[in-house]
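Novice: Modelling step: build the complete structure from the supplied sequences, incorporating the hints.
Going line by line, the protein sequences match chains P and V.
Residues in the first sequence are numbered from 1 upward in steps of one, following this note's numbering.
Residues in the second sequence are numbered from 1 upward in steps of one, following this note's numbering.
One or more hints might be untrue.
With the Cβ distance kept under 8 Å, some of the chain P side facing chain V (calculated, not the full set) [unchecked claim]:
id, residue
1, Q207
2, N224
3, A267
4, D269
These are computed hints drawn from the structure, not numbers from a lab.
Think of the CB as a built atom: it goes at the ideal place given N, C-alpha and C, for glycine as much as any other residue.
Here is how the chains run, residue by residue.
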Amino acid sequence: MKHAWCQKLFVAILCLTVGLGSSVLSAAEVKVGVLHSLSGTMAISETSLRDVVLMAVEELNAKGGVLDHTIKTVVVDPASDWPLFYEKAKELILTEKVAVTFGCWTSVSRKSVLPAFEEYNALLFYPVQYEGEEQSLNVFYTGATPNQQLIPGAEYMMNELGCTKFYLLGTDYVFPRTANKILKAYLKKMGIPDRNIKEEYTPFHHQDYQSLVAKIKSFAAGGNACILSTINGDSNVPFYKEFANQGLTADDCPIMAFSVAEDELLAMDVQPLVGHLAAWNYFQSIKTRENRAFVKRFKQFCQEKGLPLGKSRVTDDPIEAAYFGVKAWAQACEKAKSFDVDKVRQAIYGLEFDAPGGRKKFHKSNQHTYKPVLVGEIRKNGQFKIVYQTDGLVEPDSYSKLLWPDGNYPAPTGGPR
Amino acid sequence: MCIRQISRCVAAASVFFMLAATASLGDPLAELLRGLAQEDGEARAATLQSLVATGDERLETILEDYRRGSLYSWNDQIVFGIDLIEDDDLNEFVRIGDVFSHEPLLDAAIPLEDILVLEPNGAERRRVTRAKTLLGLSARQKIRRRAAVRKIGTQTNRTAALEKLQHLAETDGDRIVRFAAAESSAMIKFRSQDETVQREAAEALGRLRSVRARSLLEEAVRREDVTAPLRDSIETALARIRGRERLIATYDIVKSGISSGSVLVLMALGLAIIFGMMGVINMAHGEMMMIGSYATYATQLLFKHTPEHPVNSYYIFALPLAFCASALVAGLIEYLVVRRLYKRPLESLLATYGIGLIMIQTIRSIFGDNRPSNSPSWLQGALEFLPGLTLPYNRLFILMLCFACVLGVSALFRYTSLGLKMRATLQNRDMAAAMGINTRMVDSVTFMTGGGLAGVAGYALTTIGGITPDMGQNYIVDSFLVVVTGGVGNIAGVVCSGFGLGLLNKVLEGTLFGAVWAKIIMLLIVIAFIQYKPSGLFAPKGRLADE
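Specialist: This is the structure in structure tokens:
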């Protein structure tokens, strides 16, 4: 009796597997990888990118997918662990055979996966603003390059607020170091003397900003000084708090931040930051119909999927960049009529597309994206009031013109085998 | 009857408010303000000019609102946007208020589409900022006055404001405004072309030891066309100013050294008790601190304290709560895990490290990362003894809390029977047990006290930084450093090494090196010190030392 029951179960399982298998075969499917940390220190930022990529895919599928293929996402968790990023990237490319991967936040994670994408000629969309000085034919960069964020930010401080003294402050890793190198070259080119530029770094998770704020105070005492900050993550809270407690205000010495966006402000005591500035390519507060609809869809998506914070989630620059990366890839596939990496790459060059923050396009050769630059003033609700916007889109530099004045950039890496 | 009276009063009051609102329509300033809604940029500029010409002191706030884009044109009248509200469809509404008093004009909010936002462009904003500075000299709030008085000294072409500044320098009620006004008027005079005026101004700046004027004077000295006598007076002034700057720098180093020392002592005190007395290497100590921070945050939520509606008393209640929450968690850990691993230091190290990780992830799942803690308003801002010499209230508070804890713990050990039992258990566990002391119980209490003290440290840290689940990791290494340098199991050692390391760090950071190198060099110094004195500053003496 028991034996027969086992047999029935076995047959049932067999039928089920065969049935499932055939159903998979019948509807054409294309796999895309999502490579964002869902645990560890970077989870706080990267989880939102996974969410928005899933949303973009869901939207595409609702409209019939890409090239009559349903898109299937393969989400992996590299857990903020850089070597694991490489392993997971290889898993996506070789085992899952994904057509494209959307992922990474920190530069070190991107550098870790780069060899995998170049070796197997796979495609990665990287959605975060970074230090530039890189051009891999296997990556499309949808975030800002330094000249699309840092330079316009510094320009704003100089022209609009009349600042003549600059304190470059950052967390000690590759993005702030390179960013400040570029900023310094730019400021010198604009005729700011060396004595009016100061550069300083603090370690990751630095909590005690007393000495630094004291130094800033004496630097800013003569007026017309500002801070260009690439301080990262949880150090921002003690920094802004100490700044306010020692009696400095945005009037005395405004802070222009390059690493503080809405998603970070959502989880911060915003009060000491109000009135200070940030430069990005997108703010949730952009008042176009497309953007409002996008913000609403994202909030709804987070609520319906029961994600943490649900409806009170916000969008920000990397979230927009991650979102339009998916859409632009789909558009390029339609244009190339293929999922083949080399054909899709050719289709992306010069591709124009609609994004929540307005129409954008890809560069015709250097893998980056033309974007507008916006400066926003932090409001007490954690949103930005846009106070400045460039006319039109800014051309991306893969290698900074300031660091390579002769224009002899290194050749791009990777590409077709 | 009574209710009817009240309702009549309310009606009268609302009529009064409506009158007040309409009254502002007849106000000449309100008439002028309407010009800001014009489309023509030049007409707006002219409006701005005639506005400033009125010199009306109400303009100071209005111009700031205008610069920030908080003014709207509605029904041919300029109104103030109190706040923006979003509905579920992300349509934005604005609640409008009177442009002068900011009192709400309507109960309902107006859709943003039906109202015109006044958005000045860059050039206009610069002009407004300049005009606002001048008007700020007569602002009622002293914070605004201070900012304006300071700002005006750095601007060019401000001779027109000299009279007002001199008046402020003599008669203003606020000491800081008086000083800054004297400074700023000297700075403005120094920019004049007349050499005698310049020399007088330079001497005045020297007398005031005006740190703010240093870069101005330095730039002047660098110019080629400076005459010898003027150069002399500038140099003398600069020497005095640099002297003051050195004083401020030294003060800042000592102050931040002591205050970061007090944080270290507060952190290490609990660890010294657990590690020193019980020999347990508690890697979850930082997480107990984190529990204290989250308990403070929870109290803040419970009391509904926000920056707009401060309920400052929450912070007083949070102290015992933070202590108890951390002590409770510590007690639980001791009972479930640590108790079973006494005399196995390596296992207890690994076990507590694992518990720490579990706690981090649990708290992250419950509360989330980076919670916004708002300090009570009396801990914001700073005490200013002399221009430039400030002591933020939160640092002062932590310093006092640190002393209170040290005294409390010393008293506990010295004067209570529980303390006696703890010391006995520490010195000779078997003998203490033989004398009838319940050493298990003593261990529990000791562990809980140590955990509770970590909670107090976490409570204090909410005034400095943010609250994150892994915040303990930032402090645990430093705390062990303090305990090891101080001599294990010694409160006086913890105090000395805590303040010593805090000062050392700040001296390195403030003088020769940046924050990154300061940390590295401090670690090297500590390693060298431990090589030279393996048992720390205050090594146990006598028979105890042999064990």
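Novice: Can we keep the D269(P) interface hint, with Cβ of chain V closer than 8 Å?
Specialist: Nearest chain V Cβ about 4 Å off; hint holds.
Novice: Take the shortest C-beta to C-beta distance between Q207(P) and chain V; is it under 8 Å?
Specialist: 5 Å, holds
Novice: Going by Cβ atoms only, is N224(P) closer than 8 Å to chain V?
Specialist: Hint on N224(P): holds, closest Cβ of chain V at ~6 Å, below 8 Å.
Novice: Interface hint check: A267(P), Cβ to nearest Cβ on chain V, cutoff 8 Å. Holds or violated?
Specialist: 4 Å, holds
Comparing the model with each numbered hint stated earlier shows that all of them hold.
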